[in-house]
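K.L.:
Below are the chains, spelled out letter by letter.
2 protein chains.
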Amino acid sequence: MSFRRALALAACGLAGGSVLFSAVAVGKQPARGGDAAEPRPGGSAATAAARPAGTGGYWDSNWDRREPLALINLKKKNEETGEEELASRLDHCKAKATRHIFLIRHSQYNLDGRADKDRTLTPLGREQAELTGHRLASLGLKFDQIIHSSMTRATETTEIISKHLPGVKKISTDLLREGAPIEPDPPVSHWKPEAVYYEDGARIEAAFRNFIHRADAKQEEDSYEIFVCHANVIRYIVCRALQFPPEGWLRMSLNNGSITHLVIRPNGRVALRTLGDTGFMPPDKITRT
Amino acid sequence: MSFRRALALAACGLAGGSVLFSAVAVGKQPARGGDAAEPRPGGSAATAAARPAGTGGYWDSNWDRREPLALINLKKKNEETGEEELASRLDHCKAKATRHIFLIRHSQYNLDGRADKDRTLTPLGREQAELTGHRLASLGLKFDQIIHSSMTRATETTEIISKHLPGVKKISTDLLREGAPIEPDPPVSHWKPEAVYYEDGARIEAAFRNFIHRADAKQEEDSYEIFVCHANVIRYIVCRALQFPPEGWLRMSLNNGSITHLVIRPNGRVALRTLGDTGFMPPDKITRT
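Each protein sequence line maps, in turn, to chains A and B.
Under the working numbering, the final residue of the first sequence carries the number 460; numbering is consecutive throughout.
Under the working numbering, the final residue of the second sequence carries the number 460; numbering is consecutive throughout.
To be clear, the hints were calculated from the coordinates, so they are not data collected in a lab.
Some clues are possibly wrong.
Remember, identical chains collapse to one label, so a pair may be satisfied in a single copy or spanning two.
[To be verified] Straight line, CA to CA, 30 angstroms or less: simulated DSSO-like cross-link-like pairs of lysine-lysine:
hint, residue 1, residue 2
1, Lys456, Lys267
2, Lys334, Lys265
3, Lys456, Lys334
Using the sequences and the hints given, assemble the complete structure.
P.N.:
Structure below.
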């Protein structure tokens, strides 16, 4: 997907690709200073890069580096080709469809397992996955795909959900595996895997950049995509997508088998429709382990 | 409640009350500068006041101005009375119980009504309220009270929910009425009621300060409290409680009759357990008007 995306960006005339691979600076605090006097975003990629998303109250419209105006070299092309051609070039980069992202937390699993392969779903976990699958099916949406973490508990949850959504293709990825995305604030004293944040953080940020963005310009119809993964990954993704400080991910808590629904509009606006919905489960089936 | 709270603060030895009534500065961007070198919060009220909550990635442990150490004059009392008495004074200010806050959005109502009294629930809205009430009752919790906005659609929703929770007292308040809490970012071009933000914003912030805080020190048992109010009010409260930028409130979206569950621990930590849960409703009964 990342390769396809790089190709799409190249096709839109982005020189080099330095934006795509710019340094991760989420959660760093920029000096606000003169920012208030600056024009609103939607402008150049350079401006957006100087003000990383999620670090203040303002919205960065180029958060996913897919803002059409940032994908073409406006001034240069304007002089060379005139406005009409520019408009058609812009249209070529503009998203037309809305993406509905359903983030599912895996259901309850055997915490005693030592290796990942031993951490299989409990009987209650299997029941939860049936309930989640049933609920997703009842929504009456044409789901496009299920992308799931390659960890055992996520794969098993996906298998069960998938029975309720026949014909929807499943794709496994290592990017969505559980991990420690960024040191949380407020801190947790009993859990400080600094070396882990170092590796997991970059991987989970990569998952965010690969999977969570406005639709490709060539996507004609709204899409409904399911991601079966993990509590930390989902909470980090929600913070990043809403441009809330990612250090705040532990201020949210997710039930097993819960549904979190993000909507990404063609103009890049994002809305969280529900976080951790398990209203479809009888209360005595709800767990958070 | 605000009066009771002021009394409680006075009893804890807070001089004056200037913290309680300090200027609202939510969403303003502080210069980060030397902050990183400063000790973590939990310290003096003065420090906390200089770094308003919701403006960066860090957590302000005195966000509700109820951090015990901020409620007593530590240095002064330490010299005068010694440590033992200080510990007992601290204990006197310390919360012991957890508060569970259930924020319910009113159900569907007649948008054509001109005055508030004409904006009554639709038949589907009444059905949604029954489903919400049934779900709340099924949780098997000992609810303490239902505080609701005095607007017609919230009052009617409360009446229906209340039938499912016999014996739980209902309290009406104007503080929780719908309004425009703060100018959203990204902005909405069709809706810029600047004068409205001016009045509503202070009132909705007052609702947040009055209702959303850690438990009183004298509260012995965990509480389960229901607030029936409105989409803007709930979204603003969630941003403020999680210390996320309040300008981001429109990045969330809430179904009618949905349940949003916040947990406030005795140490002031806050977790969002679910946002806008309507999984208990058949999909064809779900609306967002």
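K.L.:
Which earlier hints turn out false for this structure, listed by number in ascending order?
P.N.:
Failing hint: just 2.
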